[in-house]
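What follows is the residue order along each chain.
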Amino acid sequence: MIRVAAAGDLHVGPEVAGAYRARLHGLADQADVFLVAGDLTRHGTVEEGRVAAGELRDLGVPVITVLGNHDYHSDAEEEIADVLRDAGVTVLENEGTVLDCGGTRLGVAGGKGFGGGFQGKCASDFGEPEMKAFVRHAKDVAARFGGALLGLDADVRVSLTHYAPVDDTLEGEPPEIYPFLGSYLLGEAIDAAGVELAIHGHAHKGTEKGLTQGGVRVRNVALPVIQHAYALYTLDPHPAPAR
Amino acid sequence: MPEYLSAHIQERLAAQAHELGIRVDVRGDVVHLRGEVVSEERRREVEEAARAAAEGHRICNEVSVVPVGEPDGEERLS
Numbered sequence: 060m061i062r063v064a065a066a067g068d069l070h071v072g073p074e075v076a077g078a079y080r081a082r083l084h085g086l087a088d089q090a091d092v093f094l095v096a097g098d099l100t101r102h103g104t105v106e107e108g109r110v111a112a113g114e115l116r117d118l119g120v121p122v123i124t125v126l127g128n129h130d131y132h133s134d135a136e137e138e139i140a141d142v143l144r145d146a147g148v149t150v151l152e153n154e155g156t157v158l159d160c161g162g163t164r165l166g167v168a169g170g171k172g173f174g175g176g177f178q179g180k181c182a183s184d185f186g187e188p189e190m191k192a193f194v195r196h197a198k199d200v201a202a203r204f205g206g207a208l209l210g211l212d213a214d215v216r217v218s219l220t221h222y223a224p225v226d227d228t229l230e231g232e233p234p235e236i237y238p239f240l241g242s243y244l245l246g247e248a249i250d251a252a253g254v255e256l257a258i259h260g261h262a263h264k265g266t267e268k269g270l271t272q273g274g275v276r277v278r279n280v281a282l283p284v285i286q287h288a289y290a291l292y293t294l295d296p297h298p299a300p301a302r
Numbered sequence: 228m229p230e231y232l233s234a235h236i237q238e239r240l241a242a243q244a245h246e247l248g249i250r251v252d253v254r255g256d257v258v259h260l261r262g263e264v265v266s267e268e269r270r271r272e273v274e275e276a277a278r279a280a281a282e283g284h285r286i287c288n289e290v291s292v293v294p295v296g297e298p299d300g301e302e303r304l305s
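From first to last, the protein sequence lines are chains A and B. If you count by the working numbering, then the first sequence holds residues 60 to 302, one letter each, in order. If you count by the working numbering, then the second sequence holds residues 228 to 305, one letter each, in order.
Keep in mind the hints are simulated off the structure, nothing from the lab. For each residue, glycine too, the CB sits at the ideal point set by N, CA and C. Do not take every clue at face value.
[Said to hold, decoys possible] Per label pair, the in silico range of CB-to-CB distance:
1) B:Y231 / A:M190: 20 to 28 Å
2) A:T293 / B:Y231: 35 to 43 Å
3) B:I286 / A:A76: 34 to 42 Å
4) B:E238 / A:E189: 13 to 21 Å
5) B:C287 / A:D88: 40 to 48 Å
6) A:H196 / B:H235: 26 to 34 Å
7) A:G161 / B:R278: 25 to 33 Å
8) A:A251 / B:H235: 40 to 48 Å
Please model the entire structure based on the sequences and the hints provided.
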């Protein structure tokens with residue numbers, strides 16, 4: 060059995076340094092891994108990145124994160140990723156990693172993802188260059204993320220994104236902003252790989268539990284949604300369904 | 228135009244307080260703020276940003292602070 064702790068949208072900064080970490084002291088006893096679904100910072104500054112690294116370093120379990128849209132706001136996403144990596148945090152951007160959890164190989168593929176909307180309610184790769192760029196970026200991100208998922212050689216596979224792969228977990232958000240909260244392309248990539256669990260954040264007013272079209276459990280772990288420092292999920296290894 | 232005040236307040240919330248998920252409703256001369264943030268300080272920042280964008284309006288700050296404690300259980304996905 061794999062025990063996964065997960066949270067997203069920490070939005071830390073110097074004014075709250077240490078406050079989140081203070082809630083994590085029981086983590087190592089409860090989980091094999093801690094997955095963080097992006098938006099570690101508010102403004103995306105390196106200073107905030109350092110605070111995030113301080114919250115997440117040396118927790119006693121591997122910490123795997125993706126960045127979120129806030130972490131990109133100051134164009135310092137690469138520096139933030141470096142600061143986190145220096146603290147021992149694994150930062151995934153459309154790539155995968157495999158951990159040995161007591162003899163079971165846990166594969167996690169992660170990426171920020173992007174928006175675009177959901178089936179029947181999404182933007183099209185058509186028209187003005189700005190719109191085409193938006194949609195093409197979403198497609199490119201999803202394709203690379205999907206490749207990372209398919210490349211995982213593991214007993215249990217988990218998807219980690221910031222943006223939502225389904226609209227189930229957006230329930231509570233205004234429908235008009237769904238296209239800025241996620242993309243069905245991420246869900247399609249998840250279903251193509253047949254993972255056990257898909258974790259995301261970003262939708263603060265959404266709901267925790269959802270399902271992809273292919274039946275993969277989706278969990279929105281944004282802190283305002285789970286209302287705790289992290290959520291805990293246990294997974295049993297079993298073969299991925301043939302596709 | 229005053230009809231668009233709530234949108235302009237939301238712009239200010241994003242730019243100044245970096246909060247994207249706050250609902251803003253303007254009713255008469257009162258601005259109502261609803262949503263959730265992670266600390267009392269953020270709650271105050273949201274209010275200050277809204278105040279700066281809504282001169283002459285009273286701010287009704289109903290934003291709540293999320294209590295983030297340790298989880299009270301786990302979910303088994305089998």
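Hints, verified against the model:
One distance hint, 20 to 28 Å for the beta-carbon pair Y231 (chain B) and M190 (chain A), holds here, with the actual separation near 24 Å. About 49 Å separates the C-beta atoms of T293 (chain A) and Y231 (chain B), a value inconsistent with the hinted range of 35 to 43 Å. The beta-carbon spacing between I286 (chain B) and A76 (chain A), approximately 28 Å, falls outside the hinted interval of 34 to 42 Å. Our hint of 13 to 21 Å for E238 (chain B) and E189 (chain A) holds, since their Cβ atoms are close to 19 Å apart.
For C287 (chain B) and D88 (chain A), the Cβ-Cβ distance of about 43 Å falls inside the hinted range of 40 to 48 Å, so the restraint holds. As the Cβ distance of H196 (chain A) to H235 (chain B) is approximately 28 Å, the hint placing it in 26 to 34 Å holds. Taking the beta carbon of each, G161 (chain A) and R278 (chain B) are about 53 Å apart, not inside 25 to 33 Å as hinted. Between A251 (chain A) and H235 (chain B) the Cβ separation comes to about 43 Å, which falls inside the hinted range of 40 to 48 Å.
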